[in-house]
Amino acid sequence: MEIKRKFLETIAKYHMIQKGDVIMAGVSGGPDSVCLLHLLLECREELDIKLAAAHLDHMFRGRESREDALFVEDLCRKWKVPLYKEEIDVPEYIRRTGLSPEDAARRARYAFFERAREKIGANRVALGHNRNDHEETVLMNIMRGTGIEGLLGIEPVRDFYIRPLLEISRREIEEYLKLEGIDYRIDSTNLKTDYFRNRLRLEIIPLIEKSVPCFGASLRRLSEIARCDMTFLEEQTFAAWRQAVTCDPGRAKIDLKNFLPLHDAIKRRLIRKAVEELAGDIKDFEFRHTVMLVDFIKNSSAGSIIDLPKNLQGEKQYDYFFITIKNYSKTRDYSYELHVPGRVEIKEAKASIRAWVEPRKGLMIIRTNPLIAQLDYDKIEGNLIVRNRRPGDRFIPLGGHLKKIQDFFTDEKVPKKERDKIPLVTAGQNIIWIGGMRIDDRFKVTEDTGAVLILKMERQED
Numbered sequence: 001m002e003i004k005r006k007f008l009e010t011i012a013k014y015h016m017i018q019k020g021d022v023i024m025a026g027v028s029g030g031p032d033s034v035c036l037l038h039l040l041l042e043c044r045e046e047l048d049i050k051l052a053a054a055h056l057d058h059m060f061r062g063r064e065s066r067e068d069a070l071f072v073e074d075l076c077r078k079w080k081v082p083l084y085k086e087e088i089d090v091p092e093y094i095r096r097t098g099l100s101p102e103d104a105a106r107r108a109r110y111a112f113f114e115r116a117r118e119k120i121g122a123n124r125v126a127l128g129h130n131r132n133d134h135e136e137t138v139l140m141n142i143m144r145g146t147g148i149e150g151l152l153g154i155e156p157v158r159d160f161y162i163r164p165l166l167e168i169s170r171r172e173i174e175e176y177l178k179l180e181g182i183d184y185r186i187d188s189t190n191l192k193t194d195y196f197r198n199r200l201r202l203e204i205i206p207l208i209e210k211s212v213p214c215f216g217a218s219l220r221r222l223s224e225i226a227r228c229d230m231t232f233l234e235e236q237t238f239a240a241w242r243q244a245v246t247c248d249p250g251r252a253k254i255d256l257k258n259f260l261p262l263h264d265a266i267k268r269r270l271i272r273k274a275v276e277e278l279a280g281d282i283k284d285f286e287f288r289h290t291v292m293l294v295d296f297i298k299n300s301s302a303g304s305i306i307d308l309p310k311n312l313q314g315e316k317q318y319d320y321f322f323i324t325i326k327n328y329s330k331t332r333d334y335s336y337e338l339h340v341p342g343r344v345e346i347k348e349a350k351a352s353i354r355a356w357v358e359p360r361k362g363l364m365i366i367r368t369n370p371l372i373a374q375l376d377y378d379k380i381e382g383n384l385i386v387r388n389r390r391p392g393d394r395f396i397p398l399g400g401h402l403k404k405i406q407d408f409f410t411d412e413k414v415p416k417k418e419r420d421k422i423p424l425v426t427a428g429q430n431i432i433w434i435g436g437m438r439i440d441d442r443f444k445v446t447e448d449t450g451a452v453l454i455l456k457m458e459r460q461e462d
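Note that this note's numbering numbers the sequence shown so that position 455 is 455, with each residue one more than the last.
Some hints could be false.
[What the hints assert, rightly or not] In silico lysine-lysine, DSSO-like type, Cα no more than 30 Å apart, as pairs: (1) Lys379 / Lys330; (2) Lys404 / Lys283; (3) Lys350 / Lys298; (4) Lys326 / Lys403; (5) Lys350 / Lys404.
[Claimed, not checked] Computed Cβ-Cβ distance ranges for the label pairs, DEER-style: (6) Leu371 / Lys404: 21 to 29 Å; (7) Asn369 / Tyr110: 13 to 21 Å; (8) Arg170 / Asn369: 37 to 45 Å; (9) Leu179 / Asp74: 33 to 41 Å; (10) Glu412 / Ile204: 33 to 41 Å; (11) Ile305 / Leu371: 39 to 47 Å; (12) Asp89 / Gly145: 33 to 41 Å; (13) Asn369 / Ala265: 41 to 49 Å; (14) Ser335 / Trp356: 15 to 23 Å; (15) Leu179 / Arg354: 51 to 59 Å.
Hints were generated in silico from the structure; no laboratory data involved. C-beta: ideal position from N, C-alpha, C; glycine also.
Kindly produce the complete structure, drawing on both the sequences and the hints.
See below:
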């Protein structure tokens, strides 16, 4: 079948799945997610995976939402797929935070996926975004005035999220479900043009396609070209970063003799990267801020200071330009030995960590509490040390690949000022747990584990 071939080719093309992976499919009950779950089920033996599903009721649509949840529950029972589900009052979350419905729903959804993934023990989360979703995203970004990054659209793989339907159209998905006699739910809000994305899908794109039938293919080609160019720019930016920028806790130091000769495209990328390193993200640091700061660096005199968004400040000195976090005070390096069994207090982190060992047999594995880590004690060599980060620190986050601690903190949006406080538990040369966040995949508990090291972090009240 053509759709199955495309599905497997997409998985292979982007190296989405490895043998033995535990895949959790996000299932709303709509055609895309139902198709995704069915294809994963059909290909389960061929891919050699374990499969589970997760469903979130956003409580947006009252009875309709509850019926979606019941539909997914019945479907998973019929297909014998384990299901993890929750409901979150997103309308109340919107009232509390002032976020837009789209932003609030997205935040709630991805926070749920993380909880569900930990609960299930999955190392990949499969989502049902299709080819049309990708095209719509690219067009939306163009209309907002995007840079090259926005032309990439929806990424096939990001961290542990995978999108195996990304090269399959909505029409192909609906035809497949009809052919297989599989029912699905329709979200009534997707038919309303109150939201810009719906208006784009239902009105604007069909109007364009009347005059330009190959419009979707053109957007995909644009995205592919941008992806290639982006790879080159990232390589150039990385090389320039090593020559021109030194980033320490609370401060980025730009060497002007290496920075000023660069093309403006690279200068802007370096500025954005420095801001992201310091602030944890670049939200609210807009294109105009980047252009303004590059111009300021070029044209200002020594001693000039500029206030920036995200509680940052820029200062030009003779040979260097500094971007600093206002009122930043650096946490000193710390290191404490943790005995097993035993307890250590980390005053810099306003926390303590307790360690003990229990036999694996009969032990309940806890995956939903970030303050408790359970690790394979037989794989741990050397004394346990609790310390804060050091330059070059790396680990393999559960379900992921080798990553710098600095990059992990950036991805998790940990504020720069908090990063030096977070305790890392190490054994020998390995970081086995980032306290309160993630264990190293190499030390996870498996069916072969004999003894389990349990680490429990307790936060102290101010």
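Worksheet item: Range hint 33 to 41 Å: satisfied by the CB atoms of Leu179 and Asp74?
Response: About 21 Å separates the Cβ atoms of Leu179 and Asp74, which means 33 to 41 Å is violated.
Practice prompt. With respect to the beta-carbon atoms only, verify the hint that Leu179 and Arg354 lie 51 to 59 Å apart.
Written response: 57 Å, holds
Worksheet item: Do Ile305 and Leu371 keep their Cβ atoms within the hinted range of 39 to 47 Å?
Response: Because 41 Å falls inside the window, the suggested range holds.
Fill in: Arg170 paired with Asn369, Cβ distance criterion 37 to 45 Å
39 Å, holds
Worksheet entry | Supplied distance hint 33 to 41 Å, evaluated on CB atoms of Glu412 and Ile204 | 36 Å, holds
Worksheet entry | Proposed proximity, Lys298 with Lys350 (alpha carbon, max 30 Å) | Not satisfied, since the Cα-Cα distance of roughly 43 Å exceeds 30 Å.
Discussion item. If I claimed the Cβ atoms of Leu371 and Lys404 lie 21 to 29 Å apart, would that claim hold in this structure?
Written reply: With Cβ atoms ~24 Å apart, the hint holds.
Item to complete: Using the Cβ atoms, figure out if Asn369 sits within 13 to 21 Å of Tyr110.
Response: 19 Å, holds
Item to complete: Go ahead and decide if the range 41 to 49 Å is satisfied by the Cβ distance of Asn369 to Ala265.
Response: Check passed, 45 Å falls within 41 to 49 Å.
Worksheet item: Holds or violated: are the alpha carbons of Lys326 and Lys403 at most 30 Å from each other?
Response: OK: Lys326 and Lys403 at ~28 Å, within 30 Å.
Worksheet item: Are Asp89 and Gly145 spaced within 33 to 41 Å by their CB atoms?
Response: Because 34 Å falls inside the window, the suggested range holds.
Worksheet item: Lys404 and Lys283: Cα distance at most 30 Å?
Response: Given that 30 Å is the threshold and the Cα spacing comes to 22 Å, the pair holds.
Going down the numbered hints, you'll see the structure goes against 1, 3, 9, while the others check out.
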